[in-house]
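Student: Top to bottom, those sequences are chains A and B.
Residue numbering for the first sequence follows my numbering, beginning at 145 and increasing consecutively.
Residue numbering for the second sequence follows my numbering, beginning at 145 and increasing consecutively.
Since the hints were derived computationally from the structure, they do not count as laboratory data.
Each hint can be trusted.
Remember, identical chains collapse to one label, so a pair may be satisfied in a single copy or spanning two.
Derived lysine-lysine pairs resembling DSBU-like cross-links, with alpha carbons at most 30 Å apart:
no.	residue 1	residue 2
1	K198	K371
2	K190	K156
3	K369	K248
4	K248	K371
5	K198	K369
6	K156	K248
7	K371	K202
8	K371	K215
9	K156	K198
10	K284	K369
11	K156	K215
12	K369	K202
13	K309	K369
14	K369	K316
15	K371	K335
16	K202	K248
Number of protein chains: 2
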Amino acid sequence: MLYVIGLGPGGKEEITPKAMEALATCDIIAGYTIYIDLIRPYFPEKEFLTTPMKQEVKRCTLAIETALTGKTVAMVCSGDAGVYGMAGLIFELAQSYPNPPTIKVIGGITAACSGAAVLGAPLMHDFAVISLSDLLTPWKQIEARLRCAAQGDFVICLYNPASKKRQDYLQKACDILLESKTADTVCGWVKNIGREGETAEILSLGELRNASVDMFTTVYIGNSKTKDINGFLVTPRGYPIP
Amino acid sequence: MLYVIGLGPGGKEEITPKAMEALATCDIIAGYTIYIDLIRPYFPEKEFLTTPMKQEVKRCTLAIETALTGKTVAMVCSGDAGVYGMAGLIFELAQSYPNPPTIKVIGGITAACSGAAVLGAPLMHDFAVISLSDLLTPWKQIEARLRCAAQGDFVICLYNPASKKRQDYLQKACDILLESKTADTVCGWVKNIGREGETAEILSLGELRNASVDMFTTVYIGNSKTKDINGFLVTPRGYPIP
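Okay, chain A solo, but in the shape it has when bound (with noise of 0.2 Å):
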């Protein structure tokens, strides 16, 4: 048996007692060394397998095999295992064996949503939600559906919007949708959701083209009608406001 988990934005509080109860059956929980020291502390009793980043075939291959073995795993995720976790990728290699262990994905809150709520409600209409990592995707996509989603004026939530070596992405991201999207569009940024350090601002199009995030940060781009209300990032569902 083969859990796939996310942990949510962090804190034990928002983990929900189905993802415990699982990780609680297990026999191994594997994951990225970050997310694994999360969670360690609850199941001191526990074995775990941790692996550091950008070994993530490596990772979900060690959890299929160990799941194989007969033993109930658990690969946990940041946040939502399917929204750029590792839940395609064992899906992924989990058809290559001949008797693939039995998978089960378990939802977390995404950053999209639990930062949302750090900011107000910058969701609450139609979005988008774009990772401007080109490890896996070449730029030219990103760029693409940049330009797409402003076109449709959705929301765009950006995960990954800068590493070390990616420190200038964001600029670039904001010059592409500055093409059709004004510099005083309210967009807005969190960084840590939920853990210490958390940190946020409410910003324009225009500003945020300058600001420093880094990978730990979730970025919101409103479309036109999103507004900063009393310090609050809001786009109006379209409610008749009395």
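Chain A is fixed; fit chain B onto it per the hints.
Tutor: Chain B in isolation, oriented as in the chain A frame:
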């Protein structure tokens, strides 16, 4: 104090401890009748304030005015309160009061994520979330967003794909997507996610056009790489598979 709380897909085991703790501190819990019925059994001693569907402005106004009397109030929504929920309307309405109550949004697992977990891992890459309800959004804008999302090769997740009065909206949406996507694009739907009567199906875009869906169904349209892997709907993230 006014909390806006997402309950996730439905069952108690997917409500976060953070949401349960906030509910426990409340004097009054407000919401749409169906969602209130989900949590009433856990808080038999609380006062509840329910209004039927399509009375969202009245419901949120009542919650705000009750909070202004000094009570701690929770407005509950299914899924995440910030995704087509009540969070935005609460902020919009509260601003017209001279001293609005403190508002805090507590996230939940939105249907896009909980439904994805049932189907496999369809949202592993960039995706767009679109509601097909034209009660508050002009249909022309919904059409434009469907075209943009298809053009950007986003995975598309549809909320509110039908209602009693909008039986043919999914068909109309599929016809728009079929302008640029092939009929064999891999799709899926989930009905009654996490509740009694949960059902799901993986099917082609051509078949989806004639699928029977209702207002409790969430629909997924794959991108050009989405696959059916042993009965699971999976969008590859792009990892090189050995």
